[in-house]
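2 protein chains.
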Amino acid sequence: MIYCLGPKGSYTEEAAEIFSKIIKDKNIEYCNSIYEVFERVEQGNNNCYGVVPSENSIEGSVSLTMDLLLEFPVKILGEVDININHCLIGYSKDKIKKILAHPQALAQCRKYIKKHDWETESVLSNSMAVKKVYDMKNEELGAIASKKAGKLYNLNILDTNIQDYPNNTTRFILIGKDCEDSNDISFTNNDTTKKSTIIIELIGNKPGALYNILKEFNKKNINLTRIESRPSKTKLGSYIFYIDYETPENEKELINSLKNYVSNIKYLGSSNIFSKFL
Amino acid sequence: MIYCLGPKGSYTEEAAEIFSKIIKDKNIEYCNSIYEVFERVEQGNNNCYGVVPSENSIEGSVSLTMDLLLEFPVKILGEVDININHCLIGYSKDKIKKILAHPQALAQCRKYIKKHDWETESVLSNSMAVKKVYDMKNEELGAIASKKAGKLYNLNILDTNIQDYPNNTTRFILIGKDCEDSNDISFTNNDTTKKSTIIIELIGNKPGALYNILKEFNKKNINLTRIESRPSKTKLGSYIFYIDYETPENEKELINSLKNYVSNIKYLGSSNIFSKFL
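Each protein sequence line maps, in turn, to chains A and B. Position one of the first sequence corresponds to residue 42 (my numbering), numbered consecutively onward. Position one of the second sequence corresponds to residue 42 (my numbering), numbered consecutively onward.
Derived by calculation from the structure, the hints in this document are not laboratory data. A few of these clues could be false.
As the list claims (entries may be wrong) - Derived Cβ-Cβ restraints for the label pairs, each shown as a range:
| hint | chain 1 | residue 1 | chain 2 | residue 2 | range |
| --- | --- | --- | --- | --- | --- |
| 1 | A | ILE198 | B | LYS261 | 54 to 60 Å |
| 2 | B | CYS220 | A | ASN124 | 36 to 42 Å |
| 3 | A | ILE296 | B | LYS247 | 19 to 25 Å |
| 4 | B | ASN88 | A | LYS276 | 33 to 39 Å |
| 5 | B | ILE263 | A | MET177 | 53 to 59 Å |
| 6 | A | LYS138 | B | ASN195 | 25 to 31 Å |
| 7 | B | MET177 | A | ILE296 | 53 to 59 Å |
| 8 | B | LYS139 | A | GLY245 | 39 to 45 Å |
| 9 | A | LYS67 | B | LYS261 | 55 to 61 Å |
| 10 | A | ASN88 | B | LYS247 | 34 to 40 Å |
| 11 | B | ASN264 | A | MET177 | 51 to 57 Å |
| 12 | B | TYR308 | A | LYS188 | 41 to 47 Å |
Stated by the list, open to error - Among chain A residues calculated to face chain B with C-beta under 8 Å, some are:
| hint | residue |
| --- | --- |
| 13 | SER104 |
| 14 | THR106 |
| 15 | GLU120 |
| 16 | ASP122 |
| 17 | PRO144 |
| 18 | GLU162 |
| 19 | ILE203 |
| 20 | TYR206 |
| 21 | THR210 |
| 22 | LEU251 |
| 23 | TYR252 |
| 24 | ARG271 |
Said to hold, decoys possible - Cβ-to-Cβ under 10 Å is the rule here; a few derived chain B residues that face chain A:
| hint | residue |
| --- | --- |
| 25 | GLU100 |
| 26 | SER102 |
| 27 | THR106 |
| 28 | PRO114 |
| 29 | THR210 |
| 30 | ASN264 |
| 31 | SER298 |
| 32 | SER304 |
Don't be surprised by glycine CBs; every beta carbon is placed ideally from N, CA and C.
So that you can see chain A by itself, here it is in the shape it has in the complex (with noise of 0.2 Å):
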């Protein structure tokens, strides 16, 4: 079973879809949030796994997927790009007076709505943002989502890329459980570089104690492809790093020689790159 943010229709669901031709299980099954995704893998057996977004070439990291991976038990198994095109759904461009979008399109298409005057409402998805400009039936609301969500609410799409920046892509990940039995081996992608993520908290929370770290992977020659901050929720200037890497051969090494500088570690897994065209 693949949860995924829904509804049907939803950028997340491109991502599920060549997912689900990896991991052979056709069964699709739609979340309210990105929450409720983790929660269900959670809940789950070894053979439930969700499909987050985590990260856009535009607004950067989905806060709330970097969070739950730090809360939940949960692992990253593989990873896919997929390029967004935003488009203005609903009935008359003319008439519309308020956008409904995901926060993050809303964010995405700030410079066009600006440049309309439009209002915006934050809702859930943006799918779920085109089911209600056609529950609704009210010509002053449009929705931004993809070509694909309004055709199947049989809506108008008004305008094409509306983003305000032309490369406009985001990656989708697979989460599976973290457990004993690990459920990684079965498709394994030998043609491609596979990629760990890391989270850490350094001692004495100093964003300078950074420096010991990657020290570490300088000397190893390891790359390094991201590092992110995020507070560590205990008090302002305190923070917890996210660090993806291509992943070595002896990767145990590596971890063993990060922990003389950590006071936690949480290790998310190597996973595989996938291309979207399989």
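Based on these hints, arrange chain B on the given structure of chain A.
For chain B alone, kept in the frame of chain A given last:
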């Protein structure tokens, strides 16, 4: 003139009042969005200031503020931390079906809202949420905001401290126009450590290249207080970094040494850290 995110009763107002005493300017004008604050500062003269939230101890950076600090020709002149005590504001707790608030407040009270199974609607600020609940006179609506905002509109404070984590603090920054006849001299504050902020784009755009930057800080014994990455908005996996550090005596030397490793650097100035108890 001080521009701050309105309407009256917002947490930003509290910060603006503190800055107002420091720069001895009592004219506070309320803007509809963070974007508008930056615009007004850019369009105004050297005596125009802006107050915007930059970071919260739970939710992390305010992405829009980060992006606009890069986009607009401004510098950071000061910062102050404000304790956040989110209250539930409305008519009667039992009748509430939907909560209005700024997306960050909704995120900070996620567990509380989930427990009550309320719907949510994002609005541009918490005080605007209170104003909406007041204007619509609808008992099914509630707002999240400060006690002050609730009292301003004569609504009931139905619950206090409803945020999921106890230590909820927001850092606000005072921004000014970046121009030759510097406007930060008038209120130097010799008692406190000064803090500088730079935004850098690493050569080759590789997160691993961050190691060279941290090495320079380490060599010069300069304390880093924050490192944040934001997407460069050109392609996924390409980042720019925001670095805060205690301003060293020879800052010019530091900046010059960093230039070997960066393709772009924006210096946002050295600013004063103000206490809220002035």
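### Query
Against which earlier hints does the structure fall short, listed by number upward?
14, 15, 19, 27, 28, 31, 32
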